[in-house]
Amino acid sequence: MRRWAWMLGGLIVWTVHFMGIYAIASLADVVSRADDPAWRMAGLAFSGACLLMALAIAARAARRLRRTTDPSTRFGDQLALLGGGVAAVAIVWQALPTVIGY
Amino acid sequence: MNSETGFDPALYKRFPTQGERPPGELEALEDVWCGPKGWQWITAINNNFVGVYYVGAAMLFFVLAGALAVLMRTQLAVPMNGFLPQETYNQFFTVHGTVMMFLFAVPAVEALGVLLLPQMLGARDLPFPRLSAYAFWAYLIGGLAFFGSLFFGLAPNGGWFMYPPLTSMAWSPGINADFWLLGIGFIEISAIAGAIEIIVGVLRTRAPGMTLDKLPVFAWAMLIFAGMIVIAFPSIILSTLLLELERALGWPFFDPLKGGDPLLWQHLFWFFGHPEVYIIFLPAAGAMSTIIPAMARTPLVGHRLVVLAMLATGFISFGVWAHHMFTTGMPTISTSFFSAASMAVSVPAGVQVFAWIATLAAGRMRFNTPGLFVVGGLIIFVMGGLTGVMVAMVPFDWQAHDSYFIVAHLHYVLIGGMVFPMFAAIYYWLPMTSSRPLSERLGKWVFWLMFAGMHLTFLPMHLTGLMGMPRRVYTWLPDRGWEWPNLISTVGAFLFAAAVLVWIIDMARNFRPFGGRDAGNVFDGPGLEWLPTGLYSVRSIPVVTSLYPLWDQKRLAADVEAGRYFLPNTATGERETLVTSTLNAEPQYLQRMPKPSAWHVWAAVFTAAFFLLLTVQAYWPSVICGVLGVYCMLQWCWFLDRPLAQTTVDIGAGITVPTYASGPSSHGWLAMVITLVVAGMVAALAGFSYVFLWSRNPANWAPPPGTLSMACVVAGNAAAALLAWLSCRSLRLARPRGAVVAAVMMAAAAALIVGAWRLDLDAWWAAGLRPAVNAQGATVYALLSWQGCFAGIIALMGPYAVLRWLAGHVRADRPSTYDLIALFIVYSAGQGAFAALLPRLFPGG
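Going down the list, the sequences are from chains S and P. Numbered as in numbering that gives the first Met the number 0, the first sequence ends at 101 without a single skipped number. Numbered as in numbering that gives the first Met the number 0, the second sequence ends at 844 without a single skipped number.
Don't read these hints as lab results, they were simulated from the structure. The reader is advised that the hints may include incorrect statements.
[As the list claims (entries may be wrong)] In silico SDA-like pairs for lysine to any residue, Cα to Cα no more than 20 Å straight-line:
id: 1; chain 1: P; residue 1: 553; chain 2: P; residue 2: 17
id: 2; chain 1: P; residue 1: 553; chain 2: P; residue 2: 257
id: 3; chain 1: P; residue 1: 213; chain 2: P; residue 2: 546
id: 4; chain 1: P; residue 1: 213; chain 2: S; residue 2: 72
id: 5; chain 1: P; residue 1: 443; chain 2: P; residue 2: 497
id: 6; chain 1: P; residue 1: 257; chain 2: P; residue 2: 357
id: 7; chain 1: P; residue 1: 36; chain 2: P; residue 2: 596
id: 8; chain 1: P; residue 1: 213; chain 2: S; residue 2: 67
id: 9; chain 1: P; residue 1: 12; chain 2: P; residue 2: 455
id: 10; chain 1: P; residue 1: 12; chain 2: S; residue 2: 71
id: 11; chain 1: P; residue 1: 443; chain 2: P; residue 2: 455
id: 12; chain 1: P; residue 1: 12; chain 2: S; residue 2: 69
id: 13; chain 1: P; residue 1: 36; chain 2: P; residue 2: 597
id: 14; chain 1: P; residue 1: 594; chain 2: P; residue 2: 164
id: 15; chain 1: P; residue 1: 213; chain 2: P; residue 2: 550
id: 16; chain 1: P; residue 1: 213; chain 2: S; residue 2: 92
id: 17; chain 1: P; residue 1: 213; chain 2: P; residue 2: 302
id: 18; chain 1: P; residue 1: 213; chain 2: S; residue 2: 71
All chains, full assembly: derive it from the sequences and hints.
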């Protein structure tokens with residue numbers, strides 16, 4: 000299970016991010032307004048945290064790849080690296096409405 | 000290579016073994032895996048039979064729903080046409096969409112998995128062949144009953160996504176909508192059963208050495224597909240249950256007058272409905288990624304990126320459901336989030352498309368029938384993808400929503416993303432299953448007629464949509480400029496139908512009972528499925544050292560056929576398959592496989608009858624069928640969990656493995672965990688429904704019952720979980736009275752779960768909350784009802800556990816059944832606590 004979580008770590012962070020920003024906007028809509036500045040900043044902070052997490056996974060995977068030669072282990076690390084990278088780009092993209100698209 | 004289980008990978012060097020195998024091994028295999036004779040074909044469970052039945056049934060539904068489409072296009076050919084009455088048209092478009100999505104697209108790709116995966120993975124069969132067979136029969140009987148409702152004017156007529164309030168009792172008072180709700184809910188259970196089979200199969204029955212980097216792309220796609228079903232389908236099961244409860248008992252989930260909200264349906268439906276598109280697309284994309292390298296005679300370009308793209312598609316598909324709801328008045332920032340997510344989907348889809356194009360360019364492409372279908376599918380899918388990016392943009396979607404533009408878009412995506420790859424797969428893999436290729440000449444006719452017909456039908460629909468023609472209208476007025484596009488679309492539909500007709504003729508030719516059957520590896524495919532096979536799958540299970548074993552392991556086919564790899568015989572004299580580890584596919588143990596029997600068929604018949612009779616409101620016959628269905632399932636389960644006399648066996652080259660496994664390392668445990676994930680998703684989404692409806696109307700939420708009842712319910716569930724765990728521990732101690740102590744503790748745990756549920760129910764009833772009065776009552780009792788289902792199942796499991804002890808089937812060396820019952824009870828205890836805590840603590844008194 001740990002190996003699977005590692006391989007899919009970036010994609011899991013991405014999922015947590017988009018579910019999180021939907022939840023924050025919905026909660027804001029119930030409490031005040033969906034685009035309330037304070038809630039938007041909370042969303043932005045959440046996106047920042049998720050971005051750091053995705054980048055951390057990608058960086059760790061890149062480090063591990065330099066050390067590993069076993070093909071099956073490398074495959075997992077490559078997936079983790081690519082997943083972390085995709086997640087980082089996607090998180091930035093999906094965080095943009097918090098700043099410019101509301 | 001690092002070992003995952005302690006197995007020494009150096010042992011692989013013993014293969015292929017040298018010398019002749021003892022005589023009689025092949026005959027013994029053939030005898031154990033013999034095919035059905037006469038009426039036994041109904042009870043067959045081998046994937047070679049069930050897979051073919053499954054694909055055949057899915058294609059039957061494709062033809063039936065396609066016939067409805069042709070009739071609808073005839074009606075729409077000219078303005079003010081009277082070919083079909085309005086009500087009939089409404090039923091036709093509803094059944095067309097429903098059958099294509101639920102009875103063709105998902106089952107067809109699932110069927111392809113059941114048919115191909117065992118051979119592709121080098122397994123004897125998938126690990127739960129009876130479950131596959133049950134899923135097939137349930138699907139076939141339920142699907143035919145659903146389609147048959149058309150002939151009685153009872154077919155649903157509210158569109159394939161059945162939005163309330165149109166489908167509420169007020170606007171759809173007949174039983175038409177109930178056919179959809181109960182029929183589709185039931186059929187989805189069969190899809191989930193198939194998904195569990197596929198996940199466990201891909202993770203646990205791969206040929207030794209088939210590590211994840213050597214796992215065929217199609218198997219990756221099926222694994223992701225099945226995982227997505229497990230997460231997405233609970234949502235449609237819950238939503239159909241809620242709408243049926245509203246229609247039958249007046250529980251107001253979607254009725255705004257009583258605090259409900261029709262948007263809840265849209266959220267639940269599309270949380271399933273949008274991933275459904277990728278659920279359909281991914282296996283087809285996996286087939287494309289398998290067929291294109293074979294046709295181009297070169298490895299897939301960017302294999303790792305394609306795997307990552309499929310995984311990314313699986314994850315992001317759960318983040319885009321609300322793009323179907325842009326016109327519902329959601330806050331701007333929320334629509335912007337969903338719009339961004341929807342556009343992001345094009346990135347992983349694009350990675351796959353570019354990988355396919357690069358593979359085509361890198362190799363020497365053969366434009367035979369499968370080759371034409373993959374290239375045609377690629378072109379159509381890209382066109383559909385581009386309009387997908389257009390409708391992901393909110394202002395454009397506001398203009399195009401519910402118009403024929405959307406009809407054109409979805410058909411481009413689904414036909415390019417699934418139908419063409421499916422036909423490519425049929426033309427590519429049929430020589431493997433029927434040992435006879437389809438006709439190249441007829442195949443090219445099929446392709447060109449279908450390709451031309453598809454574009455003629457759907458390309459003009461972009462225009463009719465942009466010119467303002469709404470979808471789902473049974474006729475239209477003249478002088479709006481819609482005449483030519485509609486006429487061309489109808490001509491195209493007939494061309495498409497002609498293609499399907501030619502294909503049916505080709506299939507009939509192929510399955511003729513005479514003529515040669517020695518096609519072999521006609522396309523020089525690189526996967527294990529092209530090894531010589533019998534009903535036992537491969538003669539011996541090879542050690543895989545490459546992603547393209549038949550291209551890179553030159554003598555593989557001959558050595559496998561000569562029995563020089565794992566399991567060249569029947570090690571136990573029964574049906575068996577090798578279970579390997581999840582990541583590195585290291586041999587772990589030998590799984591005893593079931594023999595054919597009729598119990599799963601009867602179980603499917605009675606379950607289908609239960610739902611069908613419930614729909615037509617024949618309650619007592621329905622209850623009788625339900626009881627008989629449960630009896631058949633218990634009979635089916637009774638003969639499981641039987642250890643063999645030989646505790647270990649030689650599986651080749653002196654390597655021995657156990658013949659029994661229990662606990663977390665067993666395949667049964669994994670299947671139960673996946674089943675419980677499904678249940679957990681339903682519970683989580685029921686919790687979401689509760690919170691969502693509270694957010695619509697928080698002022699009308701009444702205070703919950705006191706904390707004493709909450710404490711008692713939680714304590715009861717905790718005690719049940721503890722007892723279930725102790726029961727398993729006691730059994731494993733292998734003491735003289737271990738079995739009786741385990742049985743008593745398991746029965747007590749079951750009783751506690753039922754008691755805690757009853758206590759919770761009574762507390763809410765005593766507090767004055769009623770399910771039909773307001774949304775709070777409806778959602779709280781929905782949570783309790785879901786827990787009640789589990790309490791009911793556990794009420795059967797408790798006595799079942801005791802009966803097994805009385806029959807002498809409870810022993811320290813066969814703890815699997817008790818492990819699984821305990822796992823179920825522990826989960827149910829957690830769910831019971833969740834159902835007690837959420838409505839009491841949120842929003843609180």
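Cross-check of the supplied hints:
1. 553/P - 17/P: Judged against 20 Å, a Cα distance of about 16 Å means the pair holds.
2. 553/P - 257/P: At roughly 70 Å apart (the allowed maximum being 20 Å), residue 257/P and residue 553/P break the hint.
3. 213/P - 546/P: holds, 4 Å
4. 213/P - 72/S: Roughly 12 Å between the alpha carbons, so the hint for residue 213/P and residue 72/S holds.
5. 443/P - 497/P: holds, 13 Å
6. 257/P - 357/P: violated, 57 Å
7. 36/P - 596/P: Given that 20 Å is the threshold and the Cα spacing comes to 13 Å, the pair holds.
8. 213/P - 67/S: holds, 18 Å
9. 12/P - 455/P: violated, 57 Å
10. 12/P - 71/S: holds, 18 Å
11. 443/P - 455/P: Roughly 18 Å between the alpha carbons, so the hint for residue 443/P and residue 455/P holds.
12. 12/P - 69/S: holds, 17 Å
13. 36/P - 597/P: holds, 14 Å
14. 594/P - 164/P: Since the Cα atoms of residue 594/P and residue 164/P sit roughly 48 Å apart, the hinted pair is violated (cutoff 20 Å).
15. 213/P - 550/P: holds, 13 Å
16. 213/P - 92/S: violated, 33 Å
17. 213/P - 302/P: holds, 10 Å
18. 213/P - 71/S: Within the cut-off at roughly 8 Å; holds.
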